[in-house]
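Number of protein chains: 2
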Amino acid sequence: VLTVNGKTENYILDTTPGSQASLICAVQNHTREEELLWYREEGRVDLKSGNKINSSSVCVSSISENDNGISFTCRLGRDQSVSVSVVLNVTFPPLLSGNDFQTVEEGSNVKLVCNVKANPQAQMMWYKNSSLLDLEKSRHQIQQTSESFQLSITKVEKPDNGTYSCIAKSSLKTESLDFHLIVKDKTVGVPIEPIIAACVVIFLTLCFGLIARRKKIMKLCMKDKDPHSETAL
Amino acid sequence: VLTVNGKTENYILDTTPGSQASLICAVQNHTREEELLWYREEGRVDLKSGNKINSSSVCVSSISENDNGISFTCRLGRDQSVSVSVVLNVTFPPLLSGNDFQTVEEGSNVKLVCNVKANPQAQMMWYKNSSLLDLEKSRHQIQQTSESFQLSITKVEKPDNGTYSCIAKSSLKTESLDFHLIVKDKTVGVPIEPIIAACVVIFLTLCFGLIARRKKIMKLCMKDKDPHSETAL
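Residue numbers (our numbering), protein chains in the order written: chain A, 960 to 1192; chain B, 960 to 1192.
A hint or two may mislead.
Remember, identical chains collapse to one label, so a pair may be satisfied in a single copy or spanning two.
Mimicking EDC-like on lysine to aspartate or glutamate, the simulated pairs with C-alpha atoms at most 16 Å apart in a straight line are [said to hold, decoys possible]:
#, residue 1, residue 2
1, K1076, D1093
2, K1145, E1064
3, K1096, E1106
Keep in mind the hints are simulated off the structure, nothing from the lab.
In this text the structure is predicted, and so the values were computed from the model without any measurement.
With these hints in hand, go ahead and build the complete structure from the sequences.
Below you can see the structure in the form of structure tokens.
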């Protein structure tokens, strides 16, 4: 019978970031030398030679948030279907991040993206100037996935100016990240395309004009060169 | 000077559904008879003849949630720019509704739509089997607008089976609406298109076959009709 830390069944190990966990796999009542294999998810763990037979331990050090959900499995070398798995449940307060300073033009759309990592799952809210954001019909939309909490505002107006707080409330802690939105006046954009079009039209008109009067222009040129030679061309 | 319920400035009137509000508009220190007009948003309110001069009152009865945000404006008939507005702030606990029973096939996508009306705005959450729903990466997405709170689940699996609660927590009250999701086995659909294609192919083959042997068939037909006439065709 295979055990990990004395348990014969798969189990979940609650731990926290920065701590470490030591997992001891042992074969109970072994009648012969049994090789043990350790896997981290699907990948084999390199074991020292003296740490393989009948009893094998691995130490998971400096556990981080990213190790949440990772499984360690001890398998019997002779029959890999005999195994015990341990899944790390790394609990940590909400970690929030995002582009917290945006300047947008009146009338444009804006998206405040609050990246969130939390275990256990945090309850998410958007506050504006420290009170629950009142969602305006067809102007505000909130989208939440396991990793992000977004506020989309369409056709931004001056009153949208202000500080928006992405608030994550989990059983461990409540965290908040402020997003500053600055709404500037709508700049009357220089209409590039129409200007280019106008230049092209003027240029073409000049060309055709010159082509149409090329004889006269040639005459004038000839006169310039020899003002006295009144030769009829 | 124009006043409504003694106030000279626009103001917000807090009220609740089912109650009523009476708004008295008066001209202070009037030196002559002044006609008063009442507007509900942009629409004129019909006033009885005796209820127009120097003082005019309107009674807003059986206020409902839909009256939230509605403005009543009293204007001076002589100069409509002189006015006082009252905006109704109808506060009510969250009202939730939605299609709370869905059966879907494994592997398909599903959307639980919780329609919500609340004033003040409610904090919205999805619970599953009475604990905060743990959003799974790239499988769960929540979308919230001022009127709806949706949970989208892609590629539904059997463990998604269960009761999802749309929870609305406002300063007045916390309300909840349960959504039952039943995930049934994936039915191996009858491949209609391939069957049709096969029939068409068979039919065409038969046709061409018959056409190719039409002479032989004709001969057989002739023999059938007059078995003794061995005339060479």
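The hints, checked one at a time:
{"no.": "1", "hint": "K1076 to D1093", "verdict": "between (25 Å within a copy, 12 Å between copies)"}
{"no.": "2", "hint": "K1145 to E1064", "verdict": "within (5 Å within a copy, 49 Å between copies)"}
{"no.": "3", "hint": "K1096 to E1106", "verdict": "between (26 Å within a copy, 7 Å between copies)"}
When each numbered hint is compared with the structure, no violation occurs for any of them.
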